[in-house]
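**Student:** Residues per chain are reported as follows:
Protein chains: 2
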Amino acid sequence: MPPSEHAEALTGNQSLIKRINSAAILRLVRQEAGLSRADLAKRSGLTKSTVSLLVQELIDEGWLCESEAPVSNAVGRRPTPLQLDPSRLALLGAEIGVDYLNVVACNLQGKLLGSCQQPYSPSDLGSTLTALAGLIAQQDASLCAQGWRVLGISVGVPGTVDVHGHRVGMVPNLGWHHQDIEQPLCKALKRAGVRQSPVKVLNEANAAALSEYVFGTGAQTNSLVYLSMGIGVGGGIVLGDRLHLGHDGTAGEVGHTVLQLDGPPCRCGSRGCAETFISQRAVSLDITGTPDPVLPIDELARRVAGGDATAVAAARRAGRYLGMLMQNICNMLDPAVLVLGGPMVQLGPVFLDAARECFAGLQARYAFHTTEVRHCRFGINACAVGAAGAVLHEALMA
Amino acid sequence: MPPSEHAEALTGNQSLIKRINSAAILRLVRQEAGLSRADLAKRSGLTKSTVSLLVQELIDEGWLCESEAPVSNAVGRRPTPLQLDPSRLALLGAEIGVDYLNVVACNLQGKLLGSCQQPYSPSDLGSTLTALAGLIAQQDASLCAQGWRVLGISVGVPGTVDVHGHRVGMVPNLGWHHQDIEQPLCKALKRAGVRQSPVKVLNEANAAALSEYVFGTGAQTNSLVYLSMGIGVGGGIVLGDRLHLGHDGTAGEVGHTVLQLDGPPCRCGSRGCAETFISQRAVSLDITGTPDPVLPIDELARRVAGGDATAVAAARRAGRYLGMLMQNICNMLDPAVLVLGGPMVQLGPVFLDAARECFAGLQARYAFHTTEVRHCRFGINACAVGAAGAVLHEALMA
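Each protein sequence line maps, in turn, to chains A and B. Anchor point for the first sequence: position 381 equals 380 in numbering that gives the first Met the number 0, and the numbering is continuous, going up by one each time. Anchor point for the second sequence: position 79 equals 78 in numbering that gives the first Met the number 0, and the numbering is continuous, going up by one each time.
Hints listed in this document are in silico derivations from the structure and should not be mistaken for laboratory results. Any given hint could turn out to be false.
Below, simulated DSS-like cross-link-like pairs (lysine-lysine); rule was C-alpha separation at most 27 Å, straight line [claimed, not checked]:
hint : chain 1 : residue 1 : chain 2 : residue 2
1    : A       : LYS17     : B       : LYS17
2    : B       : LYS186    : A       : LYS17
3    : A       : LYS17     : B       : LYS47
4    : B       : LYS17     : A       : LYS41
5    : B       : LYS41     : B       : LYS17
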């Protein structure tokens with residue numbers, strides 16, 4: 000809702016005021032655990048009494064809890080530090096991978112409460128959603144039995160999703176094209192016995208970006224780009240505390256930015272895309288000389304670690320192009336943080352050092368700072384944990 | 000101010016409510032001239048009586064005016080269309096170019112009320128600002144004599160500017176490095192006799208992006224990328240109705256995204272930057288075989304238009320790389336609109352058709368839409384008009 004609409008509504012709508020202010024308090028505590036009520040009043044601009052009232056409600060509802068007050072010899076009552084309550088509200092996140100389904104349950108701090116994976120073969124959308132709903136139902140039941148309240152469910156998919164999260168555009172590795180997904184997913188969940196919860200669908204790299212943004216970062220990071228490198232290459236962009244989806248939801252498709260004019264053909268129909276240099280498919284092709292089958296990432300990592308000359312050269316070459324892509328992302332977007340994730344990071348220093356070296360060599364001299372580059376914190380769970388994070392993010396951005 | 004802070008402030012602060020709601024009304028009218036009070040009530044969510052009160056105040060203050068009511072034979076009073084008042088409030092915008100200073104005065108609809116240019120040789124910051132302040136004072140005096148009220152002054156510079164607009168980072172063509180600019184500019188304006196107005200400094204491509212966003216676009220465009228191609232190549236990015244400045248203000252430096260690993264050396268210290276393929280400098284080098292002097296754009300355009308084979312080949316090559324850059328921008332950001340601007344567009348169809356052809360050939364198959372590509376509307380005044388637009392933008396985003 001744009002500010003204007005707030006303004007008038009707010010003068011007469013106490014419950015809307017409360018919701019907006021509560022979300023703001025939660026955002027502050029998420030950014031920096033340990034803030035006291037007085038800190039929150041100072042940072043939010045709200046009065047201390049308003050903050051106290053809202054904090055009490057958030058504690059009652061399971062959002063916040065008081066952590067241990069720091070021991071001190073000073074006279075007087077010490078302020079009580081607050082944090083997101085890790086013990087009552089749960090988030091469900093899922094990933095539809097190319098050859099597996101993954102469902103995780105997290106608490107508000109991003110700690111894993113449970114997970115289940117299932118290998119599967121690419122299939123039609125309906126069967127996939129039925130299988131996924133079964134796994135979600137399993138986690139949901141387990142959470143309920145332990146007394147958790149589930150806030151919502153979110154699913155990451157390896158392809159483009161429209162800005163509303165209603166439809167997938169193209170999911171090349173699963174063969175889905177322009178199909179409704181949100182409604183079929185809701186129905187499948189209902190059939191599987193999952194009680195009505197908010198459901199959200201998003202691109203896998205966007206989900207992974209939220210894993211880092213919602214659970215992995217400190218107070219200062221309001222912009223972040225996540226690079227998801229596996230069979231393909233995708234990207235997720237958080238700018239100004241929001242996922243940047245673009246005009247129609249396809250922003251962040253950095254795997255199909257072009258790194259070489261008239262370069263190698265890409266599955267997308269174009270040529271010279273980043274994906275044709277940096278992906279598992281590209282490294283495998285470099286080593287075997289044939290596009291199929293793509294060697295498993297474990298196999299590639301083993302060969303590189305073992306010093307196989309062809310594999311090392313292929314990983315280094317991919318790394319150099321990764322450095323080029325990193326530079327292009329940073330020059331275009333100037334994010335605070337760039338996160339490297341996906342199976343390809345298993346190629347280790349041979350790949351990643353080549354990337355950092357190339358990136359450093361390309362740095363322009365005009366920048367005020369250098370973007371912080373770091374590795375993904377949630378490994379193979381990045382997408383599913385980020386999908387869970389999307390549920391929390393949605394609630395906090397209310 | 001984040002929503003939370005609004006909420007409480009608003010309950011007790013009628014003047015803040017009024018300011019926010021007034022800005023919202025102005026944004027709606029800017030997006031679509033001709034809206035009636037009833038339309039505004041519907042779109043803003045405000046009551047009709049509130050809208051009527053605010054509109055009357057905005058008319059009294061010179062922001063809005065009523066245009067002719069459409070003639071109709073229907074019974075009853077016709078709603079009166081509203082528009083930004085073109086006749087009372089003025090905006091001053093300036094550009095510090097590489098070899099010229101340009102100052103324009105615009106009305107709220109972006110119509111030029113006056114302008115003055117002055118050639119100059121790159122000089123130290125102080126002398127440049129003194130010369131610029133003289134030109135601004137001239138325009139300011141002329142506006143005042145005609146009864147205009149000046150809302151503010153904004154200046155575009157050909158280099159990086161920090162997020163606050165206080166300092167320049169690197170302005171390679173003028174030899175400025177990490178210097179304060181806002182305070183010296185304010186002082187120079189004061190010395191030149193310009194009455195106190197808000198002053199803002201921004202990167203030239205960011206300013207040019209605002210020229211298109213604030214004055215050139217329709218209701219549906221909330222994301223836009225502007226490509227400024229001249230001696231160098233810069234970019235300005237508008238996302239979610241705001242300039243995207245990045246973590247430290249250097250976002251949009253698309254001229255230094257890398258289009259070829261180990262490519263030609265760039266002035267920035269890197270290699271293979273877009274600027275080494277797409278700029279006036281690149282085309283000139285391609286034609287003459289020497290980096291200095293860079294042929295004037297008129298000379299390049301004349302040779303290309305005249306069918307000089309070397310010049311045509313150079314323009315085509317630059318165009319192909321422009322297509323590649325366009326593709327990279329669209330894949331990363333998915334903007335609604337991409338605007339091509341700067342002196343290089345004078346190379347005409349040979350250059351631009353090559354770009355569009357290459358861009359079309361690189362389009363991936365997964366997109367939901369194709370970004371609208373169009374040419375800059377304000378020609379050589381793009382930066383100065385956009386700087387003037389920045390003044391209006393700042394007021395409307397209050």
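**Student:** Decide if the proposed pair is consistent with the structure: B/LYS17 and A/LYS41, CA atoms, cutoff 27 Å inclusive.
**Tutor:** Answer holds: B/LYS17 to A/LYS41 is near 25 Å, not above 27 Å.
**Student:** CA of A/LYS17 to CA of B/LYS17, is that 27 Å or under?
**Tutor:** 21 Å, holds
**Student:** Check the hint pairing B/LYS41 with B/LYS17 against an upper bound of 27 Å on the C-alpha distance.
**Tutor:** The hint holds at about 17 Å.
**Student:** Given the hint that A/LYS17 pairs with B/LYS47, does the C-alpha gap stay at or below 27 Å?
**Tutor:** 26 Å, holds
**Student:** Would the hint linking B/LYS186 and A/LYS17 be met if the CA-CA limit is 27 Å?
**Tutor:** Roughly 45 Å separates the two Cα atoms, so the pair is violated.
Figure legend: structure checked against the earlier numbered hints; the only hint not met is number 2.
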